[in-house]
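Sequences listed follow chains A and B, in order. Just so you know, we're using this note's numbering here: the first sequence kicks off at 97 and counts up by one. Just so you know, we're using this note's numbering here: the second sequence kicks off at 10 and counts up by one.
Treat each hint with caution, since some may be false.
[Said to hold, decoys possible] With a Cα cut of at most 25 Å, we get these calculated SDA-like pairs of lysine to any residue:
#: 1; chain 1: B; residue 1: K37; chain 2: B; residue 2: Y81
#: 2; chain 1: B; residue 1: K94; chain 2: A; residue 2: L106
#: 3; chain 1: B; residue 1: K94; chain 2: B; residue 2: K37
#: 4; chain 1: B; residue 1: K94; chain 2: A; residue 2: Q142
#: 5; chain 1: B; residue 1: K133; chain 2: B; residue 2: H178
#: 6; chain 1: B; residue 1: K133; chain 2: A; residue 2: S103
#: 7; chain 1: B; residue 1: K79; chain 2: B; residue 2: R23
#: 8; chain 1: A; residue 1: K146; chain 2: B; residue 2: K133
#: 9; chain 1: B; residue 1: K37; chain 2: A; residue 2: R133
[Claimed, not checked] Pair ranges (Cβ atoms, derived):
#: 10; chain 1: B; residue 1: Q192; chain 2: A; residue 2: T116; range: 57 to 65 Å
#: 11; chain 1: A; residue 1: Q142; chain 2: B; residue 2: N62; range: 43 to 51 Å
#: 12; chain 1: B; residue 1: L251; chain 2: A; residue 2: P153; range: 26 to 34 Å
#: 13; chain 1: B; residue 1: L13; chain 2: A; residue 2: E126; range: 35 to 43 Å
#: 14; chain 1: B; residue 1: T11; chain 2: A; residue 2: N109; range: 36 to 44 Å
#: 15; chain 1: B; residue 1: M10; chain 2: A; residue 2: N109; range: 55 to 63 Å
#: 16; chain 1: A; residue 1: R134; chain 2: B; residue 2: M162; range: 51 to 59 Å
These are computed hints drawn from the structure, not numbers from a lab. Quantities reported herein were computed from a predicted structural model and do not represent experimental measurements. Here a beta-carbon is modelled for each residue, glycine too, at the ideal position from N, C-alpha and C.
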Amino acid sequence: MSTPNESIQLTLNGEPYAMTAGLTAADLVEQLGLGGRRIAVEINEQIVPKSQLAATPLAAGDQIEVVHAIGGG
Amino acid sequence: MTQLTDTPFTIAGRDFSSRLLVGTGKYKDFTETGAAIAQSGAEIVTFAVRRTNLGQDADAPNLLDVISPKQYTLLPNTAGCYNAKDAVRTCRLARELLDGHNLVKLEVLGDDHTLYPNVVETLKAAETLLADGFDVMVYTSDDPIVARELEAMGCCAIMPLGSLIGSGHGIQNPHNVRLIVEQSSVPVLVDAGIGTASDAAMAMELGCDGVLLNSAIAHARDPLRMANAMKLAVEAGRDAFLAGRMPRRQNADPSSPFAGRING
Chain A
97 MSTPNESIQL TLNGEPYAMT AGLTAADLVE QLGLGGRRIA VEINEQIVPK
147 SQLAATPLAA GDQIEVVHAI GGG
Chain B
10 MTQLTDTPFT IAGRDFSSRL LVGTGKYKDF TETGAAIAQS GAEIVTFAVR
60 RTNLGQDADA PNLLDVISPK QYTLLPNTAG CYNAKDAVRT CRLARELLDG
110 HNLVKLEVLG DDHTLYPNVV ETLKAAETLL ADGFDVMVYT SDDPIVAREL
160 EAMGCCAIMP LGSLIGSGHG IQNPHNVRLI VEQSSVPVLV DAGIGTASDA
210 AMAMELGCDG VLLNSAIAHA RDPLRMANAM KLAVEAGRDA FLAGRMPRRQ
260 NADPSSPFAG RING
């Protein structure tokens, strides 16, 4: 069991990112202010469907991508 | 006046009435993006997938608020991918972004100087995506042999470049585009290089099923006006193709009869 204040290091969109241990991908999305937004999440090169975000715990070293739609041709 | 008819423009089993597909890049703001796209009459609209800007105002408007998936058929693209793996990851992210929507524009680029398609990586990516259930509209070179391979693999549209992406140089090799059109059973669209309305009309006169463009509208002095011009050019070019142009002649051929001239 991790202590409440223990934090883990992730890589988020290519940058180092510290997060409280024991949280899920859904918690991360909320923490980023992106809850309810049209985004997609990939962890360690695997898509995490929206329906699975809350059931996906984050682990130290996870490589996370959070993407959205932008203008392009 | 007679109502002229056309066969439907069908992509991956869906019928569309507009043969103009447009991108969403390079506009001044989302208001201009939305207005230009509405003016163009396009029904299929392409966009890019990028990392969210962390720390940015999460309430900032989103492209998909302007280009609604309810109103348009969205076509996520893999622009910026230089290998098959990145392109496949991007398509899977896009499918998640759009709740399972399978239609994608695959483009795998060779280098950032030319943005020329890397056909080796494109073929690899297409194979993986098709096996994974995607409907793949593929940006490629104007090489008819590569186009034939991509069609045989199962791509739902072949999209040769007219000239380099964003160059506005028009269709540099109309003969190759025609060869691709003549051999293909799936829709062929010129995707890249269109600079102005006559380029779009030319693509359609060559028999292309559609045209995909972005910069020609977004970088025009008046994007709304150019969006309208492109809409009309694609329609005019299509009608000219269906009508069948008159034969070219070496010499003049008067339109008025010789008989009955007052000096006869």
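Item to complete: Could you check the structure against the hints above and give me the numbers of any it violates, in ascending order?
Response: Violated: hints 3, 5, 6, 8, 11, 12, 13, 14 and 16.
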